[in-house]
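A.B. asks: Given next are the chains, with one letter for each unit.
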Amino acid sequence: MLAYTLRRLTQSGFVLLVMAMLVFLGVYAIGNPIELLVNPQADEVERMRATVALGLDKPLHVQFGAFLKGALSGDLGRSFVFGVPALELILSKMPATIELAVVATMMAVLLGIPLGLVAGLKPDSFIGRSIMAGSIVGFSLPTFWVGLVLIMFFSVYLGWLPSNGRGETVSLLGVQVSFLTWDGLQHLFMPALNLALFKLSLLIRLTRAQTREALLQDYVKFARAKGLSASRVIGVHVLKNIMIPIVTVIGLEFGSVIAFAIVTESIFAWPGTGKLLIDSINQLDRPVIVAYLMVIVLLFIVINFVVDIVYSYLDPRVRLGQSAGAGH
Amino acid sequence: METSLLPGEAPVKEETPFRRFVSEFAESKLALIGLAMLLLVLTVAILAPVISPQNPYDLGQIDLMDSKLAPGEKAPSDKVYLLGTDDQGRDMLSAIFYGLRISLGVGIASTVVAVIIGLTFGLMAAYFGGWVDTLIMRVVDIQLSFPAILLALILLAVFGQGVDKVIIALITVQWAYYARTVRASALVERQKEYVEAARVLSLSKPRILFKHLLPNCLPPLIVVATVQVAHAISLEATLSFLGLGLPITEPSLGLLISNGFTYLMSGKYWISFYPGLALLVTIMSINLVADQLRDVLNPRLKK
Numbered sequence: 001m002l003a004y005t006l007r008r009l010t011q012s013g014f015v016l017l018v019m020a021m022l023v024f025l026g027v028y029a030i031g032n033p034i035e036l037l038v039n040p041q042a043d044e045v046e047r048m049r050a051t052v053a054l055g056l057d058k059p060l061h062v063q064f065g066a067f068l069k070g071a072l073s074g075d076l077g078r079s080f081v082f083g084v085p086a087l088e089l090i091l092s093k094m095p096a097t098i099e100l101a102v103v104a105t106m107m108a109v110l111l112g113i114p115l116g117l118v119a120g121l122k123p124d125s126f127i128g129r130s131i132m133a134g135s136i137v138g139f140s141l142p143t144f145w146v147g148l149v150l151i152m153f154f155s156v157y158l159g160w161l162p163s164n165g166r167g168e169t170v171s172l173l174g175v176q177v178s179f180l181t182w183d184g185l186q187h188l189f190m191p192a193l194n195l196a197l198f199k200l201s202l203l204i205r206l207t208r209a210q211t212r213e214a215l216l217q218d219y220v221k222f223a224r225a226k227g228l229s230a231s232r233v234i235g236v237h238v239l240k241n242i243m244i245p246i247v248t249v250i251g252l253e254f255g256s257v258i259a260f261a262i263v264t265e266s267i268f269a270w271p272g273t274g275k276l277l278i279d280s281i282n283q284l285d286r287p288v289i290v291a292y293l294m295v296i297v298l299l300f301i302v303i304n305f306v307v308d309i310v311y312s313y314l315d316p317r318v319r320l321g322q323s324a325g326a327g328h
Numbered sequence: 001m002e003t004s005l006l007p008g009e010a011p012v013k014e015e016t017p018f019r020r021f022v023s024e025f026a027e028s029k030l031a032l033i034g035l036a037m038l039l040l041v042l043t044v045a046i047l048a049p050v051i052s053p054q055n056p057y058d059l060g061q062i063d064l065m066d067s068k069l070a071p072g073e074k075a076p077s078d079k080v081y082l083l084g085t086d087d088q089g090r091d092m093l094s095a096i097f098y099g100l101r102i103s104l105g106v107g108i109a110s111t112v113v114a115v116i117i118g119l120t121f122g123l124m125a126a127y128f129g130g131w132v133d134t135l136i137m138r139v140v141d142i143q144l145s146f147p148a149i150l151l152a153l154i155l156l157a158v159f160g161q162g163v164d165k166v167i168i169a170l171i172t173v174q175w176a177y178y179a180r181t182v183r184a185s186a187l188v189e190r191q192k193e194y195v196e197a198a199r200v201l202s203l204s205k206p207r208i209l210f211k212h213l214l215p216n217c218l219p220p221l222i223v224v225a226t227v228q229v230a231h232a233i234s235l236e237a238t239l240s241f242l243g244l245g246l247p248i249t250e251p252s253l254g255l256l257i258s259n260g261f262t263y264l265m266s267g268k269y270w271i272s273f274y275p276g277l278a279l280l281v282t283i284m285s286i287n288l289v290a291d292q293l294r295d296v297l298n299p300r301l302k303k
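Going down the list, the protein sequences come from chains A and B.
Residue numbers for the first sequence follow our numbering, beginning at 1 and rising by one.
Residue numbers for the second sequence follow our numbering, beginning at 1 and rising by one.
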């Protein structure tokens, strides 16, 4: 177990290093940010001074070395545009993104599991078929277009909900949150629904498939034979057993919810990390782009690492298969 | 040969794998509707220059006076635009036809190249095993642990805009799916007797790979590729919407939607709504076809 954990940890570290290199070299290869940062009327001397001040005159590998050294101590450079440390900027936008992602995941779970359960219990009924048809539509709809339609309907046509920003926030344990004020909730509803839709469709399909499989198992037959009520068989025996894969997927997908928040945040002008990334790409604010990507890559590596370790703990075949070195 | 030839009754045809495939595919009405929609979309995309009321990118044909007209509204120039016009006075219907062309072209081109790359690496991993397999599958695993949109965003942030760059980004995010799919089915096929027979006949390695293994790995690949075309189109639209995909000179559906977004709040919904609808119909029809293909080509679901 320890050997597997160590090997997996080394691999994670290696992936992080490779991603850091790709991101850094890639991002620093685009355009010359000086063009955007210095007053267009500035003369050559002033431009040179700005270039030197930002360290852009040094060779690339020197810049990368400095970047790595800084990254290890939590310093990912200063935003060209805002003049504050990039990491600080991202962490300051993080609560908004996390709040959106958590609420969206909750929406997907609270709607997706019951709907999937119904579709799995009655796969051939009208309701079961409608739910599945709905999930195909949910899969097909590009997130950004759903966002537009939501704005069109709720903001422009009905005029019920605001279409941008976080609304009024209150401080909860030192973090600004929207979901505790009525105004904030109104602002939160549409982006969260938008972000939830894809995961909702995924959860419906997963729950349905798992339910159908569980219904064929002996323990369900046995529970029925014992004369347990249908609600107890489903609520306790089926639900408990299908929850393991579902919880795993929810955990694994949380990272991708944060990645997809880039799109939703851009549409609803939600002031989170995703919007910051798109703004930074448009303004060539390299340190922020690099810092954002490093933070999210780290997040993914941590999520995958934890899931792998938990899995290998639950299922010894995983780690034995790996140490035997046989890929197949 | 005794076939009943009553009037109006066709002779009973012999069942070939292809006919069986067609009749099984046709069992689902929804899939047939999807196929019909898909054919319609493809026809429109291919014939766009012929059937469009105007060439939306020929400045001589568009009139700035006709800008931002609602669908069906009469223009000062007495023209009526079925789906309205955008801020430049472009006919939205024509813009959508041309946009479909670009969206489908980018989606299909990137998928085809990604399939070829994925197929090659997947077959190699399965056939050679050992360190080749470990290396390829490690890269695949690592890549698939990140969502496609994030990788595509990184790549485009690096490359900048352009059709070629978007296609490269789409290929890069897709190939791993195919490599994994092909490897999985090739590993199963490799154990089968016909491959052993081919080995006993001491046929050359490339011949076994391409003439024997490859055709038998195709069905699951076709299913994945069909779904992926839809994903690629959707991803390209998303990237273009965010302003990181195609340049303004190659207006795909995503770019049209993005352009209309600015006018959405003032109630001019048609500039982004109808391109979105076209995108939706395209993606839905591909998904419907892919769903049925999966059921028909999956031997496990056969009764």
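In case anyone wonders, no lab produced these hints; they're calculated from the structure.
Warning: the hint list may mix true and false statements.
For lysine-lysine, the following DSS-like pairs were computed, each having C-alpha atoms within a straight-line distance of at most 30 Å [stated by the list, open to error]: (1) B/Lys-192 <-> A/Lys-122; (2) B/Lys-165 <-> A/Lys-58; (3) B/Lys-211 <-> B/Lys-192; (4) B/Lys-192 <-> B/Lys-205; (5) A/Lys-58 <-> A/Lys-226; (6) A/Lys-226 <-> A/Lys-240.
A.B. asks: Work down the list of hints and note, for each, if the structure agrees.
C.D. replies: Going down the list of hints, with the structure as the test:
1. Restraint check: the Cα-Cα separation between B/Lys-192 and A/Lys-122 comes to about 38 Å, which exceeds 30 Å; the hinted pair is violated.
2. This hinted pair checks out: B/Lys-165 and A/Lys-58 have alpha carbons roughly 28 Å apart, not beyond 30 Å.
3. A C-alpha spacing of about 15 Å is found between B/Lys-211 and B/Lys-192, which places the hinted pair at or below 30 Å, so the restraint holds.
4. For a cut-off of 30 Å, the pair hint linking B/Lys-192 to B/Lys-205 stands: about 16 Å separates their Cα positions.
5. Of the supplied pair hints, the one linking A/Lys-58 and A/Lys-226 is violated, its CA atoms being roughly 76 Å apart against a limit of 30 Å.
6. Under the criterion of a C-alpha separation no larger than 30 Å, the hint pairing A/Lys-226 with A/Lys-240 is consistent with the structure, at around 18 Å.
Checked against the numbered hints listed earlier, the structure breaks hints 1 and 5; every other hint is satisfied.
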